[in-house]
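S.K.: Each chain, written out:
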Amino acid sequence: MAGPVESYSLVDQLPALQVVVPLVAAPVTILMPKGRVPWAWASLVAAATFAISLALLHQVAAYGPISYELGGWAPPWGIEYRVDLANALVLTLVSGVAAFVFPYSYRSVISEIDENQLPLFYAALLICMTGLLGVAITGDAFNVFVFLEISSLSTYALVAMGGRHDRRALHSAYNYLVMGTIGATFFVIGVGLLYAATGTLNMADMHDKLAGMETRVVEAGFAFIVVGIGLKLAMFPLHLWLPNAYAHAPSAVSAFIAATSTKVAVYVIVRFLFTVFYTDSSFEQAALSYVILPLGVVGMFAASLVAVFQSDVKRMLAYSSVAQIGYMLLGIGLGSVDGVSAALVHLVNHALMKAALFMAVGAVMLRLGSRHCDAFAGLAKRMPWTAAAFIISGLSLIGVPATVGFISKWQLLKASFGGDAAWAGFLIVASSLLAVIYIGRIIELMVLREPPTEGPHAKPVAEAPLEMLLPMWALVAANVYFGLNTELTASLAMRAAEALFGVGGGQ
Amino acid sequence: MLEFVLERYNYWIVIILMMTGLYIVFSRGNLVKKLVGLNLFQTSVFIFYITLGKVAGGTAPILIGGHGGGHGEDQGEDQGGAHGEGVQNGGSYGSDAAHANDLASPVDGAQDAEPAAHGDGAGATYEAAADHGNDAGHAAADAAHGAAEVLYSNPLPHVLILTAIVVGVATTAVGLSLAVRIREAYGTVEEDELDAMDYEAEFGVPEPEGARS
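Those protein sequences? They're chains A and B, same order as listed. Residues 0 to 506 (numbering that gives the first Met the number 0) make up the first sequence, in order. Residues 0 to 212 (numbering that gives the first Met the number 0) make up the second sequence, in order.
Chain A on its own, in the form it takes in the complex (with noise of 0.2 Å):
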């Protein structure tokens, strides 16, 4: 652990620029004039976060995790940033997609949202990215309750700017809001708990009390913060607020929550079930095997099912987020540093190919003002460059071979079948046939019919602009190279998972 912070360079400062950085770059943002300067100056900074992210990746990677003392108060008193491979994966996630996400977002957002709206939209973009950002890095238990409603609270406002040309935006964000209220107050009374048990709020030093202490404090704990942090990440029966929120957002705002605010939180919980409580408790045990594995399973099927249905492609892509979130909680379910593992390299994978896919959307919605699966016939012939990246981020969300998706699919498999779970590895070749329904039905679409001669969608289009087609194919080639080279997330990810196994924050 490292002492107090005596030198002052940039190096050592990484851990606070991370969240610094877009925190004090948004009320900046506010007083900029409407035009491109807000989205310039958002799409910088999530550029310089993305960097600030990969050095700590490099950084932990190759010399072990990082402590870092805000304001030279030392833990367990002070508030910790602790960087180790688990969540500098997350971080790097999280900035990445920001990075990709932030330039793609102009011209959508201009058609989509009120002109006037334009630096309070970038402000709120940056505010979201600063508290996923510092729930992944913090090390303290409170301190991930204050992130996690920054971020949320910004979620929120994004969600219904979608309301100008859409008012059930309105409604999704304030049902949104309720359900994520209820979520974070069950984590603070769950982190309440805890501090009555332990006497302590970070992190690691929790973990340490925690030992052979299985009372009733900390089971009730425990259950509120699985449940909190379960209706965050739409764990299956509580996701109710996720397919109207996903769908009625602004395009951008999609793209960016449905590749990182689930994903942050489903890090949340993997790190409390791991890192801060003992895998071999009685309790956890029973938490892992009888309500994370089986909703993770049921979620997987349920929700594909209900995505087969959509007619609408944003919410048809939100459904199965909530599917895909079902095979995370299937690894994590397993309990195993393999099934931990699989569930963090889908975890990364997903974020890919969804960020992809709403991308692709958002160039649909851009030219024919429609999400709706009518305005995707004929695609592959008006728009090819836009469909050819929706046809491969499918696939990978099928599982085909050559992309991610295989990647991750192959993981989880190989995890349930060397975890005692063959019945789970089956189950999951099951409901990746319900991807293929969903998701050849839009191919079908866009491949083989002729674009409509009449109805609203008739109007001649053209191919997306450039600077959307950019980050979204940057985006798509990274589902390919990561499904081809697979050494560098599976070993990160395996690495990650042992970390979060190892002592208490993964030292």
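Please keep in mind that the hints were generated in silico from the structure rather than gathered at the bench. There are no misleading hints in this set.
Per label pair, the in silico range of CB-to-CB distance:
| no. | chain 1 | residue 1 | chain 2 | residue 2 | range |
| --- | --- | --- | --- | --- | --- |
| 1 | A | 369 | B | 26 | 36 to 42 Å |
| 2 | A | 285 | B | 63 | 44 to 50 Å |
| 3 | B | 11 | A | 70 | 37 to 43 Å |
| 4 | B | 59 | A | 70 | 20 to 26 Å |
| 5 | B | 29 | A | 29 | 31 to 37 Å |
| 6 | A | 490 | B | 58 | 52 to 58 Å |
| 7 | A | 113 | B | 19 | 37 to 43 Å |
| 8 | B | 206 | A | 447 | 30 to 36 Å |
| 9 | B | 195 | A | 455 | 23 to 29 Å |
Each residue gets a CB set at the ideal place from its N, CA and C atoms; glycine is no exception.
Place chain B on chain A using the hints.
M.R.: Just chain B, lined up with the frame of chain A:
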């Protein structure tokens, strides 16, 4: 039994408020009323945290006198009690002190003992408090014997809850402004009417009667 219930009245208040709040959120159709319920729910958590921070007989966590030097150095490590860091300044014997304090008013005793203790160390505190000649003085002296002069409540939950209150206010503000926008866009803030209108927007036909119970 009755004693068991009454002794924990603060937790009952928390539970009743929490359940009332959640029930309002789930049962009311009016968006503003839902927010009121949500607020009540959050408030119960504030009370829960503040309850945690209270040390029996402890005074407000404001430094008394000039004894700032040793504070907070020996906290944490050696505590296993239910209050955890709640007895920060008391160190490991804090819980004993808390029990003794139930008998009398030790805070006063400690404060009385204070001037004599100033600069003379714990032994002097003991004598001074004993000279004071009452039970409270003894209790306080026992508590003081060692290093701590005054028993404080735990300030940390208060700090946490200040943050949570800010979050709660922000949530309410965002929620209410969404309710205003919903009212502007839909002309109502009743959930079932909103659902019916959303249904119609989704499927192009009015919601069938009794589609939702």
